[in-house]
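Participant: Sequence:
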Amino acid sequence: MFAIDGCKLKSNASKEWSGTFDELGRKKAKLERASKRIIERHQAQDGLSEELVTQDLKQKEKLDKSADKITAFLATHEEKTGSKGKPVKSNITDPDSAKMTTSKGTIQGYNGIAINDDKHQIILQAQAWGSVGEQQTLQPAVEQLKRQLEKLNSDKFSNKQAIKFTADSGFNSEANLEFMAQSGFDTYIADNQFRKRNPLFKESETYETEQEKRRLKRSKGKPRLFTSDDFHYDEATQTCRCPAGNEMWRSGINVKSYNQEYTRFCGYLKDCKVCPLQQQCMRKPPIKTGRQVQFKNDESRKKLSYIDKMKVKIDSPMGRRHYSKRLGCIEPVFGNITVNKGMNKLTLRGQTKVNAQWQLYCLVHNIEKLQNTMH
3 MFAIDGCKLK
13 SNASKEWSGT
23 FDELGRKKAK
33 LERASKRIIE
43 RHQAQDGLSE
53 ELVTQDLKQK
63 EKLDKSADKI
73 TAFLATHEEK
83 TGSKGKPVKS
93 NITDPDSAKM
103 TTSKGTIQGY
113 NGIAINDDKH
123 QIILQAQAWG
133 SVGEQQTLQP
143 AVEQLKRQLE
153 KLNSDKFSNK
163 QAIKFTADSG
173 FNSEANLEFM
183 AQSGFDTYIA
193 DNQFRKRNPL
203 FKESETYETE
213 QEKRRLKRSK
223 GKPRLFTSDD
233 FHYDEATQTC
243 RCPAGNEMWR
253 SGINVKSYNQ
263 EYTRFCGYLK
273 DCKVCPLQQQ
283 CMRKPPIKTG
293 RQVQFKNDES
303 RKKLSYIDKM
313 KVKIDSPMGR
323 RHYSKRLGCI
333 EPVFGNITVN
343 KGMNKLTLRG
353 QTKVNAQWQL
363 YCLVHNIEKL
373 QNTMH
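Numbering (the working numbering), first residue to last: 3 to 377.
Honestly, the hints are just simulated from the structure, not real lab data. Treat the hints with care, since some could be wrong.
Unchecked claim - When the alpha-carbon atoms are kept at most 20 Å apart in a straight line, the in silico DMTMM-like pairs for lysine to aspartate or glutamate are as follows:
1. LYS311 with GLU81
2. LYS311 with ASP188
3. LYS88 with ASP24
4. LYS371 with ASP119
5. LYS148 with ASP119
6. LYS64 with GLU53
7. LYS32 with ASP48
8. LYS198 with ASP170
9. LYS121 with ASP170
10. LYS30 with ASP66
11. LYS32 with ASP66
12. LYS67 with GLU42
13. LYS29 with GLU81
14. LYS311 with GLU301
As the list claims (entries may be wrong) - Label pairs and their calculated CB-CB ranges:
15. ARG226 with LYS204: 17 to 23 Å
16. THR83 with LYS224: 24 to 30 Å
17. LYS32 with ALA358: 35 to 41 Å
Where a beta carbon is used, it is the ideal one built from N, C-alpha and C, also for glycine.
With the hints as constraints, model all of the structure from the sequences given.
Facilitator: Here it is, written out as structure tokens:
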């Protein structure tokens, strides 16, 4: 069995120099205003001591240097956009790195992706990614894994359907599941509701308490938002009412998304602006449009998506059994690299150099595992 996961490592870059082009532009303007205030203070107070003047000039030089650094970066780089086309943060020190949220806080770094087997914990594929979502790393990683298996030229790997492949919910998407279905591997990739559907967790007070704590931490204490289940949709009349009882207008029919068709509704702006349930319904106060919600069409409900098929597969007793092995397959590998070997940060900059460094870390791990296997 193979497992894939990512290990987030801090890089040789400062997260203070991260931001979208708009944020960096505002930071530059702020630095220029601070530099200008120093000159204005000197002009208003001619009697300043020589020591204070020297100190202020050093500070002004530092501010001007930082502003020039941002100006040069904005002039020589293009703004990055995410998978949804929205601008994402760029880093001036290392443009290939990214801001990442970890259990120990936010870091500026790279995500070291690795695929290893469960028996010997040998890493067969390793690559470091910066400003790329974890979902987008699965396909290139699996393609490289297949090439590695072909190089081994072993009968053991000739039947890919017999090879189990596991990944956590960070790699779950319709596109990835479709790709894995065509790859030939016997795949088990969890979704973010996998634990919630587990009968063992349904009556667990500890699990519910911990999940609520995590939700409150992520949402900063904000109430849980309404889902489509809280809206009253009548498919026969093609009408919808929100939890507050207000009628919504149909904004789209047969809207295609991930090979599924939906009917979409939108709340009237005048209703949403004064709604007493606004904080439970919308993340931000409405400005241009009201709350939007969509429902699967009847034909789409009959047609199972790859995500739906994976839910059925992974919720089966055999699916849960195979997926339960993932944790003991990949996590000890990262623990050995970052804790036992102390290789818990990246000292180089740039995608190419960082990728080479991450692969060297994995090579050190593999040498130890191979040595243990041979004895």
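Participant: Are any of the numbered hints broken by this structure? If so, which, sorted upward?
Facilitator: The structure breaks hints 1 and 7; every other hint is satisfied.
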